[in-house]
Structures are given as structure tokens and as C-alpha cells.
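Going from the sequence shown to the working numbering is simple: count from 1 and add 2.
No lab work stands behind these hints: they were computed from the structure. Just so it is clear, CB atoms sit at the ideal spot from N, CA and C, and this is done for glycine as well. There could be a bad hint or two in this list.
[Unchecked claim] The list that follows gives simulated cross-link-like pairs (lysine-lysine, BS3-like), each with its CA atoms no further than 25 Å apart:
no. : residue 1 : residue 2
1   : Lys-705   : Lys-633
2   : Lys-580   : Lys-480
3   : Lys-671   : Lys-705
4   : Lys-717   : Lys-705
5   : Lys-340   : Lys-254
[Stated by the list, open to error] Okay, the calculated beta carbon distance ranges per label pair:
no. : residue 1 : residue 2 : range
6   : Gly-199   : Glu-610   : 37 to 45 Å
7   : Val-206   : Arg-672   : 54 to 62 Å
8   : Phe-277   : Pro-55    : 47 to 55 Å
9   : Ile-409   : Asp-83    : 23 to 31 Å
10  : Ile-325   : His-417   : 30 to 38 Å
11  : Trp-162   : Lys-671   : 41 to 49 Å
12  : Asp-493   : Glu-610   : 43 to 51 Å
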Amino acid sequence: MSERPTFSPFWHRVRAMTPRLRPHVQITRQHYRGQRWHVLQDPATNQFFRLGPVAYEFVQMLDGHRSVEDVWQISLTRHGDDAPTQGEVIQLVSQLYNSNLLAVDATPDIEQLLGRGRDRLRKTVQQQAIGLMYFKIKLLNPDRILSWLEPILRPVLNRWGLIAWAGLLIFAIVSILPHWQELMSGVESTIAPSNWGWIFAVFVVTKLIHETGHGIICKRFGGQVPEFGFMMLVLMPAPFVDASASWAFANKWRRVAVAAGGMIFELFVASVAAFVWIATRSGGSPLIHQLAYNAMFTASISTVLFNANPLMRFDGYYMLSDILEIPNLMQRSTSMLKYLAERILFRVRDIFPPTSARDEQVILTVYGVAALIYRVFLFFSITLYVMGQMFGLGLILAVWTAAMWFILPLAGFVHYLASSPKIADSRPRVVFTTLLLAAVVLFAVGAVPLPDRRYGDGVVESPGRTGVFAGVDGFIEKAHVRPGDHVRAGDPVVTMTSRELLAQRESLEAMVREAESQESAYLTQNQAMAQIAREKAATLRRQLEFVDEQMRMLTVRAPRDGVIVGRDPHTGLGVFIKEGTPLCELVDLAAVRVAAELPQTEGSWLFELPREQFNVELRTLSRIDRVVTGKVDRIIDAGQRELPHAALGVQGGGVIETNPEDRSGRQTKRPRFRVDIAAADGTADSIGAPGERVRIRFTLPDKPLLSQWVDRLQKIIQGRVNI
Numbered sequence: 003m004s005e006r007p008t009f010s011p012f013w014h015r016v017r018a019m020t021p022r023l024r025p026h027v028q029i030t031r032q033h034y035r036g037q038r039w040h041v042l043q044d045p046a047t048n049q050f051f052r053l054g055p056v057a058y059e060f061v062q063m064l065d066g067h068r069s070v071e072d073v074w075q076i077s078l079t080r081h082g083d084d085a086p087t088q089g090e091v092i093q094l095v096s097q098l099y100n101s102n103l104l105a106v107d108a109t110p111d112i113e114q115l116l117g118r119g120r121d122r123l124r125k126t127v128q129q130q131a132i133g134l135m136y137f138k139i140k141l142l143n144p145d146r147i148l149s150w151l152e153p154i155l156r157p158v159l160n161r162w163g164l165i166a167w168a169g170l171l172i173f174a175i176v177s178i179l180p181h182w183q184e185l186m187s188g189v190e191s192t193i194a195p196s197n198w199g200w201i202f203a204v205f206v207v208t209k210l211i212h213e214t215g216h217g218i219i220c221k222r223f224g225g226q227v228p229e230f231g232f233m234m235l236v237l238m239p240a241p242f243v244d245a246s247a248s249w250a251f252a253n254k255w256r257r258v259a260v261a262a263g264g265m266i267f268e269l270f271v272a273s274v275a276a277f278v279w280i281a282t283r284s285g286g287s288p289l290i291h292q293l294a295y296n297a298m299f300t301a302s303i304s305t306v307l308f309n310a311n312p313l314m315r316f317d318g319y320y321m322l323s324d325i326l327e328i329p330n331l332m333q334r335s336t337s338m339l340k341y342l343a344e345r346i347l348f349r350v351r352d353i354f355p356p357t358s359a360r361d362e363q364v365i366l367t368v369y370g371v372a373a374l375i376y377r378v379f380l381f382f383s384i385t386l387y388v389m390g391q392m393f394g395l396g397l398i399l400a401v402w403t404a405a406m407w408f409i410l411p412l413a414g415f416v417h418y419l420a421s422s423p424k425i426a427d428s429r430p431r432v433v434f435t436t437l438l439l440a441a442v443v444l445f446a447v448g449a450v451p452l453p454d455r456r457y458g459d460g461v462v463e464s465p466g467r468t469g470v471f472a473g474v475d476g477f478i479e480k481a482h483v484r485p486g487d488h489v490r491a492g493d494p495v496v497t498m499t500s501r502e503l504l505a506q507r508e509s510l511e512a513m514v515r516e517a518e519s520q521e522s523a524y525l526t527q528n529q530a531m532a533q534i535a536r537e538k539a540a541t542l543r544r545q546l547e548f549v550d551e552q553m554r555m556l557t558v559r560a561p562r563d564g565v566i567v568g569r570d571p572h573t574g575l576g577v578f579i580k581e582g583t584p585l586c587e588l589v590d591l592a593a594v595r596v597a598a599e600l601p602q603t604e605g606s607w608l609f610e611l612p613r614e615q616f617n618v619e620l621r622t623l624s625r626i627d628r629v630v631t632g633k634v635d636r637i638i639d640a641g642q643r644e645l646p647h648a649a650l651g652v653q654g655g656g657v658i659e660t661n662p663e664d665r666s667g668r669q670t671k672r673p674r675f676r677v678d679i680a681a682a683d684g685t686a687d688s689i690g691a692p693g694e695r696v697r698i699r700f701t702l703p704d705k706p707l708l709s710q711w712v713d714r715l716q717k718i719i720q721g722r723v724n725i
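Please construct the entire structure, taking both the sequences and the accompanying hints into account.
Written as C-alpha cells, this is what we have:
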């Protein structure tokens, strides 16, 4: 590794200055990874600056009498190679001065002071513009309110309160697990437009409690909370408090507690809401029941997906930074990636990583890559969602965010290539390397054909599926088969009993005997009466034959050869069933196929490509290690809103969105393409048993990645955007 340049051509600008720390600056000692650090805080502006031991000693020696040159010479004598270079001293002094932490005994330059204020305002506006989806609006100082609340909650703001909170959370989870299916089925009604007003109100209230948690715990440990306002979180107003005073806490677990305080308060609300939701499931107020569900939904989902996510600069990020003892994790990970790019790709000399610790370098690299990938994912997912709800606003948001997140950094990189002094000696080589890398990437994604795979979900079904029904009313006495059994036509499935039919048969037999006796008696006395008795007996015999037929139907038999599927007949033993009640189903395993469902945005290629130009692979969820080659048998070109089986819908364990008002679980929210797929080798039994869910992979002709991405993006926009 090359040596740091000791001297700077700009040293003459600061060498004679005699600066000192401002009297109101507060200093806190902290420890990170066994090394002592000092945090400088300006209470007036809530600005923080963290210094290592050598840099802190350098700043402490700036007493308003010693010049910067004198202090630097002392530092060189004491620390040798570990002393800051002239360039590092210039950077340190300028950063402290611009943060209003350093004063200089000289005639104040009013224009310079105003310029610093304008620079801070400009940076704030730039940050708000870049973070359009997360910009903040300050309203008031909540310190007096929090000072009143903190003593009230102080008895539970300790380790015993944390244990009680954890017990309540676990008890709420255990209590709600038996109602999991009902809980999941309520998601659709919660995000329905008719509930938007209530979900918005509950969201604001729960987030207000969340931010109150941050503020109260910060006050509990002696910090100040100077700001309260609203942050537009993806165009949704969410309250916020400024609890950054915790950054100066010496104990890292207190800093973690402040960062976790909002989630602790919010999950407490979710736990209480869970008990209210359970209590109002039957007989309670429908409005209270829905509000409790809304509170559970917002206080748990948003907390887990946003606040606890360390890849976003919310609570989880600051908790991870303190637990890993890596301050400024986001900025330093970005600096680490920049260093790696300069060092490996551009071979720039005289540069140094943000840390010399090997494990810290690995953490910064991994975090930086993960955060970069997540930022791209977040941009596309949020933009597409907003465009799906409000196209015009979503389009503006997409253009603005793309400009701020991608175009401006690209412009900054171009400026770096054109004017950075780091690459002054090797600028042509760096520019050539950049252009070469860009050409390689463009060629790789835009010209190299790669496999194009599309995916779908399906279910194994039998076109010859036949129901087995009860022919008469009766009690199930015996079941002869179970699901999976092979039967032949005429084999008994269940045997039933009916006291009514037995009594009716005995009565008819007695009436037949009586009519026959009357006929015999009238034969010698009255031929007309004998004829009437004969006809009566014949009628009764026909009725007896009908009853005998019904008696035979008490033994329900298989209507054809096949395999028993569906309901187990043994579960109905001793149960009274009425005529026409389904007992089970019969399927023909020699004719099974896969009924696949594809969204309209993903299935258009089915009509554009001949069937011989793409391959189909099937995997049942019960045997994911077994791949069956399939072939498209039939495509229904009209959009269908009914699934072939409820197992494909979310209520049946699948992934396809269904209409929450449909009890069958088969009505989809959007039309879909139906594709029937058979086994390519013609052996239907290789696919699986009817009713099994299947994951389907279609392999299309190879295309460059860029072409695939554009096609997918176009299809996604077509499916989500309502113009």
C-alpha cells in the first residue's frame, strides 16, 4: 500500500489560523471495537461529529493561541506516521468549522457566515429533493410533552418492563395462531379502497405512538428531543421525532434502546389490538373488530418491513450500526465501495480505505452491496405500486427519483472522471477503463443471448373427474375405501342404513299380503272386487320394487374405474346424510393433466411463439426434486376469472390473488390465462396425484438480458397501471 501524501499545496490557507472549539460544544466519550472515540455535539443545531483519539487530541490542542502549524508539528512528534497529514488536517478543520463547532479569533466575515447558512440550507433542500419519497416537515418542539410523559412511564422503562413486554408479545402470538387462516384472509379487506380512510387514521396514530416511544426512552436516558413533525413516507404522512441526541450516549445499549423504542411501543399496540380482535370475532362491534385488525396490520407489517430493516436508514439501521460498533455505516460502506472501485478497477494510488480492520472492511463491503441492490428494488417496487394507483403521480415520482438516485450520481461520476485530482496522473487510463467496462456491460446485457425463463402455477387435475354421491337418505354404517384406493366400476364405497326404508318395506309387504288375501277371497264371490284387489296388489308390488331399489342404493358403488380422491368416507361413519350428498370423487389417473394459470401480463408470449419453440418443465410441491417434461395441450385465449382448483388461490395455500368475497376461493381478482399441460412422454401418472400444486417453468428462446428486462417491465406496467 502506498504512503499517504504528508504535504498539501493548500496548507498555507490554514497553517497560521488559531482556531478553538466553541464553548457550547459538548463532548462525550464512546468506545467502538476497543478504540476510544469522542463525539462533539452542538446543542443549538443538534450537529454531531465523531473523532478518533489522534484527531481528538489534535482538536483539543487548538486552544485559540496555538496555530494549526504548531499543533500539527506537536502531533507529528507524538504520533509519527499515525499523525494526520496536512490534507487530513485541512479536511478536519473545514468540517468542524462548517458544522459550527470551531471558532476562529478573527474579525467575523458576515458574508462568510451567511454563506455557511445558505450552504446548510442548500444541502438540506438537496437532501429533501433527493429523498422525495421520505422528505420531512418540522412542526414543533415536543420536549415539554415528553418531559411530562416520561415520569409516568418510568416504572416500566427498565429490564423488568422489557421482560413483561416480551411476555405479552409472545402470549399475543400464541393466542392468534389458532386463527391464522382467518387472519390471513382479512388482508384483502384491509387493503380494499373502502378501508383506506380507517387504515390511514390507524397508521398515523400507531406511528405517533411509535415516535413517542423513541422520544420517551431518549428522555429516560437524559437526551433532548427538539423536533416533532411529519415525514412523507412514500406519500403517506408519518410522524417523526428527532431523537438524535442518543448518538452522544456513551453506552451503546442505551443508543440501541432508543432506536428500538419505537418498535417496542408499536408492537405493544399490535399485541393489545390482537386481543381486541380475538374478543370481537363474534358478537362484537364490526368497526372495532376492523380497527383492531388495522392496528395489528400497520403496527406489525410496517414495523418489520420498514423500521426493522437495516438496509433503510430507519431504526434497524441505527441498531445494527451500534451493535456492530461501526458508526456512519451507510456513508462508510459507500466509501468502501468507492475505494474498491478506485483501487481495483482504476488502480488509483495514494488512497486509503475508510477502515484498516479486515473484518470491518468485509462488513462495509457486504452492507454496501446489499443496500445498493435494495435501493434499486425499492425504486422499482414503490414506483410501480404508486403508478398502479395513480399513474400521473407515479410517473412524476419515477422520473424525479430516477434523476436523483441514478442520474445525479452518474453526473457526479462524470465530473469525477473529468476533474478529480486523484486521477490527474492517470486520467486517460481511467476514462478508457470506464468506457471499456461500460461497453462490456452493455454488450453482456444487450447482445449476449441468455435463457429466458417464465414461471407459472398450476394444479394436477383429471378431466374425467366423477363425483360419488349418496343415492338416498341414511346413516353411514361402513366405509369400504379411503383416498388413494383403486376401485373398479360396481365396487362398494360405503354402506348405509335407513330405518325408514326398512319400516316402509315391511309395511308394503304386509299390504301386499293383505291385497293378495282379499283377491283370493273375492274370486268365488265377486269378480269385480277380486279385480280391484288384484290391481291394488300389483300397485303395491311396484312400490315394493321401488323401495327395494332404494334399499340397494344404500350400498353406494363406484360408477366407474378410478382412484378415490377428495373427502375420506370414513370421516362420515355414523353420520346421517341426505340424498345427493357428495361422499368422495373418482379420477382416472391415466388422463391427468396440469391446469396452469398465468397472469395476462405474462401469458401473451403463449400466442406469439409456436409451441415447439419453448420447453415446459413441471415440479410438484410434494416432489420438488423430480422434474417432469410437459407439453402444452390447450390454451384458452380468453381471460378467465375462475381457478380450476381452490388450492391455487391464497386462501387455499397458493399465491394467486382471489376475491375475498367469494367463499369458494376460486374467483380471481384479475383475469388470467388458462393453459392445459400434459406429460410429454404420454404417461399421465408421472405428473402426480390430482389436487397437487405444481410449479411450472417455461424456457423460451434465448434473448439478451436487456431485451428480457424491457419486456418484463413493459408487461408489469401494463398489468399495474390504470390509465
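Verification of the supplied hints:
Note on Lys-705 and Lys-633: the hinted pairing holds, with a Cα-Cα distance of about 22 Å set against a maximum of 25 Å. For the given pair, Lys-580 sits about 16 Å from Lys-480 by alpha-carbon distance, which is consistent with the 25 Å threshold. Restraint check for Lys-671 and Lys-705: the C-alpha separation of about 32 Å exceeds 25 Å, so the hint is violated. Using a Cα cut-off of 25 Å, the hinted pair Lys-717 and Lys-705 holds, with the two alpha carbons roughly 16 Å apart.
Simply put, Lys-340 and Lys-254 have alpha-carbon atoms about 28 Å apart, too far for the 25 Å limit, and the pair is violated. In this structure, Gly-199 and Glu-610 meet the distance hint of 37 to 45 Å, their C-beta atoms being roughly 43 Å apart. Restraint check, Val-206 to Arg-672: a C-beta distance of roughly 31 Å breaks the suggested window 54 to 62 Å. Taking the beta carbon of each, Phe-277 and Pro-55 are about 52 Å apart, inside 47 to 55 Å as hinted.
About 41 Å separates the C-beta atoms of Ile-409 and Asp-83, a value inconsistent with the hinted range of 23 to 31 Å. For Ile-325 and His-417, the Cβ-Cβ distance of about 36 Å falls inside the hinted range of 30 to 38 Å, so the restraint holds. Distance hint for Trp-162 and Lys-671: a CB-CB separation of about 48 Å, consistent with the stated range 41 to 49 Å. Evaluation of the 43 to 51 Å hint for Asp-493 and Glu-610 yields a pass: the beta carbon distance comes to about 48 Å.
In summary, the numbered hints that this structure violates are 3, 5, 7, 9.
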